[in-house]
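Spelled out, the chains give:
Number of protein chains: 2
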Amino acid sequence: MDTAGTIGQFAKMLQNMDRWLAAGVAFAEKKKFDPDVLVQSRLAPDQYALDRQIQAGCDAAKYAAAYLSGQTAPSHPDTEKTIAELRKRIQTCVAYLESVKPTQYAGAVERKVAPAWLQGKWFAAPDYLAQLAIPNFYFHAAMTYAILRHNGVELGKMDYIGSMPVHDA
Amino acid sequence: MDTAGTIGQFAKMLQNMDRWLAAGVAFAEKKKFDPDVLVQSRLAPDQYALDRQIQAGCDAAKYAAAYLSGQTAPSHPDTEKTIAELRKRIQTCVAYLESVKPTQYAGAVERKVAPAWLQGKWFAAPDYLAQLAIPNFYFHAAMTYAILRHNGVELGKMDYIGSMPVHDA
Numbered sequence: 001m002d003t004a005g006t007i008g009q010f011a012k013m014l015q016n017m018d019r020w021l022a023a024g025v026a027f028a029e030k031k032k033f034d035p036d037v038l039v040q041s042r043l044a045p046d047q048y049a050l051d052r053q054i055q056a057g058c059d060a061a062k063y064a065a066a067y068l069s070g071q072t073a074p075s076h077p078d079t080e081k082t083i084a085e086l087r088k089r090i091q092t093c094v095a096y097l098e099s100v101k102p103t104q105y106a107g108a109v110e111r112k113v114a115p116a117w118l119q120g121k122w123f124a125a126p127d128y129l130a131q132l133a134i135p136n137f138y139f140h141a142a143m144t145y146a147i148l149r150h151n152g153v154e155l156g157k158m159d160y161i162g163s164m165p166v167h168d169a
Numbered sequence: 170m171d172t173a174g175t176i177g178q179f180a181k182m183l184q185n186m187d188r189w190l191a192a193g194v195a196f197a198e199k200k201k202f203d204p205d206v207l208v209q210s211r212l213a214p215d216q217y218a219l220d221r222q223i224q225a226g227c228d229a230a231k232y233a234a235a236y237l238s239g240q241t242a243p244s245h246p247d248t249e250k251t252i253a254e255l256r257k258r259i260q261t262c263v264a265y266l267e268s269v270k271p272t273q274y275a276g277a278v279e280r281k282v283a284p285a286w287l288q289g290k291w292f293a294a295p296d297y298l299a300q301l302a303i304p305n306f307y308f309h310a311a312m313t314y315a316i317l318r319h320n321g322v323e324l325g326k327m328d329y330i331g332s333m334p335v336h337d338a
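As you go down the protein sequences, you meet chains A and B in turn. Anchor point for the first sequence: position 161 equals 161 in my numbering, and the numbering is continuous, going up by one each time. Every position in the second sequence, counted from 1, becomes a number in my numbering once 169 is added.
Honestly, the hints are just simulated from the structure, not real lab data. From the three backbone atoms N, C-alpha and C, an ideal C-beta is built for every residue, glycine too. Treat the hints with care, as some may be off.
[Said to hold, decoys possible] When the alpha-carbon atoms are kept at most 30 Å apart in a straight line, the in silico DSBU-like pairs for lysine-lysine are as follows:
(1) B:326 / A:157
(2) A:88 / A:30
(3) B:326 / A:81
(4) B:199 / A:12
(5) A:101 / B:281
(6) B:199 / B:281
(7) A:112 / A:101
(8) A:32 / A:88
[What the hints assert, rightly or not] Label-pair ranges, simulated between beta-carbon atoms:
(9) B:337 / A:85: 37 to 45 Å
(10) B:241 / A:166: 20 to 28 Å
(11) B:206 / A:161: 28 to 36 Å
(12) A:106 / B:213: 42 to 50 Å
In isolation and in its complexed conformation, chain A is listed as follows:
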């Protein structure tokens, strides 16, 4: 279980998400609509809109870092109403992720993860990370991307993946 690497990858993806939002703003300017219209866009009437997708993605990353380093997660209230505020929320989350030092994840593999909603029950840390935190984080990242793409924002798969460290032959 590479906890520090996974949290670092979440931070990278969150910066990718920030760039997708910037692309959304650029698209709105080009098409002359209010970019904040995108904030309440959703793919199904009973699914989260863009704002909640980003808030939930940030929280998935934040709680993983907190649980696996034995900290109490900082409170980041879901008050964002604009693209600009959502981009700030992303940066607040990334700053928290980067505040946790890799050494603070020592022994993470042995932790019991007991979110309040489990009412005293718990997950073994490797199960929590691989089967809940990672799929949940990518769910909200992909839905953020999908809502923007569905609205015509000019994004492609490499914007989703972001930069990759490639080595020469």
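On the provided structure of chain A, position chain B as indicated by the hints.
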């Protein structure tokens, strides 16, 4: 880098995806439409439809298992035209993932991953897994879910996550 655990999680998610497709068929029967209409549904005109999302998700998992165990990936041609065929494709992929023994991933962390499209360049295995294979796999899983949800198929977040090993207090 927990390669065997990650591939096992891909197999679990693929079985979740199979259940989402079964829910799509059930929804089509209830609403009296041909379930294979869903196969060509997409969220944006220049994005993959459901068939390619599932094929690409399967391939992301298959190539990860093959590259990281030092095998040549089996060929699974993208010929599926129906939900039934897509469900079979998922099971073919899962059977391959399960055919690779955890011991075959010994030393995976040191491997150089050189897909043909990199033209001789390569990724270090941990970068490939964390920054490409995992986000790419979940992208296609989440798009599969999103296309079905967008069409009204009755799915919720716990169908996405699937079963979780929970321990009593």
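Hint check:
no.	hint	in the structure
1	B:326 / A:157	holds (24 Å)
2	A:88 / A:30	holds (23 Å)
3	B:326 / A:81	holds (24 Å)
4	B:199 / A:12	violated (42 Å)
5	A:101 / B:281	holds (28 Å)
6	B:199 / B:281	violated (49 Å)
7	A:112 / A:101	holds (20 Å)
8	A:32 / A:88	holds (23 Å)
9	B:337 / A:85: 37 to 45 Å	holds (41 Å)
10	B:241 / A:166: 20 to 28 Å	holds (22 Å)
11	B:206 / A:161: 28 to 36 Å	holds (30 Å)
12	A:106 / B:213: 42 to 50 Å	holds (44 Å)
When each numbered hint is compared with the structure, violations occur for hints 4, 6.
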